[in-house]
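Colleague: Residue strings, one per chain:
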Amino acid sequence: MHRFANPARFLRITDAVLPWSAALTIVLLALGLYYGLWASPVDYQQGATVRIMYIHVPAAWMGMMIYSLMAIASAVALIWRHPLADLIAKAAAPIGASFTFICLVSGSLWGAPTWGTWWVWDARLTSVLILFFLYLGYIAIWQAFDDPTRAARAAAIVALVGFVNIPIIKFSVDWWNTLHQGESLFTGHGSEIDPTMLRPLILMALAFTAYFITVLIYRVRAEIIARKLRVLRLSAIEG
Amino acid sequence: MTRKRRRLYFVLAGMTGLGVATALVLSAFRNNIVFFYSPSQIVAQHIAPGERIRLGGLVAAHSVVHEGDTTLFVVTDKARSLKVTYTGLLPDLFREGQGVVAEGRIGANGVFIADQVLAKHDEKYMPPGVVAALKASGHWQEGGGGAAPAARAADAAAAVPAADAAKGYGK
Numbered sequence: 015m016h017r018f019a020n021p022a023r024f025l026r027i028t029d030a031v032l033p034w035s036a037a038l039t040i041v042l043l044a045l046g047l048y049y050g051l052w053a054s055p056v057d058y059q060q061g062a063t064v065r066i067m068y069i070h071v072p073a074a075w076m077g078m079m080i081y082s083l084m085a086i087a088s089a090v091a092l093i094w095r096h097p098l099a100d101l102i103a104k105a106a107a108p109i110g111a112s113f114t115f116i117c118l119v120s121g122s123l124w125g126a127p128t129w130g131t132w133w134v135w136d137a138r139l140t141s142v143l144i145l146f147f148l149y150l151g152y153i154a155i156w157q158a159f160d161d162p163t164r165a166a167r168a169a170a171i172v173a174l175v176g177f178v179n180i181p182i183i184k185f186s187v188d189w190w191n192t193l194h195q196g197e198s199l200f201t202g203h204g205s206e207i208d209p210t211m212l213r214p215l216i217l218m219a220l221a222f223t224a225y226f227i228t229v230l231i232y233r234v235r236a237e238i239i240a241r242k243l244r245v246l247r248l249s250a251i252e253g
Numbered sequence: 004m005t006r007k008r009r010r011l012y013f014v015l016a017g018m019t020g021l022g023v024a025t026a027l028v029l030s031a032f033r034n035n036i037v038f039f040y041s042p043s044q045i046v047a048q049h050i051a052p053g054e055r056i057r058l059g060g061l062v063a064a065h066s067v068v069h070e071g072d073t074t075l076f077v078v079t080d081k082a083r084s085l086k087v088t089y090t091g092l093l094p095d096l097f098r099e100g101q102g103v104v105a106e107g108r109i110g111a112n113g114v115f116i117a118d119q120v121l122a123k124h125d126e127k128y129m130p131p132g133v134v135a136a137l138k139a140s141g142h143w144q145e146g147g148g149g150a151a152p153a154a155r156a157a158d159a160a161a162a163v164p165a166a167d168a169a170k171g172y173g174k
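Listed in order, the protein sequences are those of chains G and U.
Numbering of the first sequence is given in this note's numbering, commencing with residue 15 and proceeding in unit increments.
Numbering of the second sequence is given in this note's numbering, commencing with residue 4 and proceeding in unit increments.
With the rest of the complex left out, here is chain U (with noise of 0.2 Å):
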């Protein structure tokens, strides 16, 4: 074996070893670096009460009400959701079939109170012209990839029980 191929061997043993070891790390802390929980894995967690979180999903259509400084909505997955309230400005994005991360605990009554609402912005960028052509020819579809991956994964299931819960809402 010449020096150079002990070099390259040992080069690409290194980096095999380095990656692996990543690798077991990032899956050992995968739950520390999510940056919100959608609604599922709020339940399928059994996040208490209190507990400081960030909830991330989409604004459910229709569920935005405001009273005052303050704003009432729903944010979803399409597989559960969870009724947010919160005091104080929102970002220019935060809008009804859009994502948004919401800062805040859950209060005894079940509902979201958050103190920091952000908007997630999806992966489209398009003119609103093509918006408007999509919408005419009924392939438009709202809140595409908002809440990704988690409100991806949970597009298969039925988008029902989000459109019940937003409308029980502000009435």
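Excised from the complex, chain G in its bound form (with noise of 0.2 Å):
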């Protein structure tokens, strides 16, 4: 794992992964947006209002996703003191919480027409409400330290310990009664989602996730940089 540790080689591998990954993300969402605003039949209840889906759903795998991703970069931080997991998870909160703001946005926009409300205090709803709570306290925590070492552990600790609302947002719907519908793909006796609608919903969660790579490579390329200005100041203030 400490392989990857050194930043000159991580700007190495991210120089060759880059240009892919951008493209990628173009030719992706191009293909996506075109399944799913054109090329896709519309529901059988909701009519056209089931391209919401092709977003929100989406955005809602990225802002869980991301926030695992999160967990997982800060648990090693924490353990191996790995040099650049706290950056990886530094930098990924940003997009994870505007993913999960774009995921209550269209969902509120979704649920006005078919449910009748824009919001309600069901399992669901509220679990990824307190998921984009936990990611702004996440980005404050950084802000809250002067000294970028303490700062990283305690966000650290704080991603660990919100990791528990993940699952409770995963099975939100098979534990209780709410009033969001349960889970349509992983059903256990097959997708729900014809698979007509399941092209376009899959081109985009991969567009997303290529965006993702791409503007996280940048941000921790940034971060990087960053802290190398800081060790140069310090060091001209000590000289």
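20 Å max Cα-Cα, derived EDC-like pairs, lysine to aspartate or glutamate: (1) K138(U) / E206(G); (2) K127(U) / E197(G); (3) K127(U) / D188(G); (4) K127(U) / E206(G).
Hints in this document: simulated from the structure, not taken from any laboratory.
Combine the two chains into a complex, taking the hints into account.
Modeller: Here is the structure:
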């Protein structure tokens, strides 16, 4: 694992990955939007409103996946003192918060015509709102310390504590009666989503993932440079 | 024991403790997190008339009657059912065989008086053509997972009482 700890090596590897992930983002997003907005059928119950799903569901997946990644990176940082792990978690947080926000807003816009309400305090909606607040809290903790080493440790603990929310979000629709509908994809007896609708959903999820990788690389690079700058400034003051 | 190993055990122990604590808290508040009660749960938990609750289930087939602005319908979980009266606009997805959540209270006559009706939509997504094909081939099940998980658990129970309740309505 420490093979990737060297920032110079990280920059070299990401130099090779970046053009591919950027190109993939554009291609997958174009395909996903084309299939999602034009080349897919309307739903038998909801009509064209179902197209909100192609934004809402991948955004929700990203919100949960990015938080899980942050929790893993935080554990790696706490246990093995991996120098890049903290930076990856820190750089990922605003992207995850943005996806969670998109999930909440698109869900609200979807709920208004279909359910008849913008918002209800059911277990799924409430736990996703908590996820959004966890992201904001995590970002705020980084800003609250002057010493980045102490900030990293506090933020990592917050990320790990907040991780208990992820299985709660995932299983909320099974554990409790919720207004939000149940699991469609991993039901145990196959997908409840028609293949023609599954295609744009998967394409959009892959596009979001490629976008996340691209932006994450840029943000981690910026963090590495910022850290170098800090070291140079400190040595200039001392010297 | 190296320091890395000690930190690893510390994080693992912390996460386990946190997970257990959360599970205990959630199971303690289990009834408070319930968003709606199914008709069976209302009977089982002796919910008194006048108490504000949310009722969830499927709108029984052939039970919807419109009387001006007021809509009468039957909510069923396929084991038990409850008559509902509601005055106001209904959401787009309100229809027979689909899930609903109605907020209100049980009146003295045993009819649920709703002041808000929300439509629950199921986890199925498919184009209208597929539905038509399923219906033609006889593989179509009306209102599959509308009131999950309460209705799903009750699926095994006979659907006869619900149909009876629906029949005696609006005549």
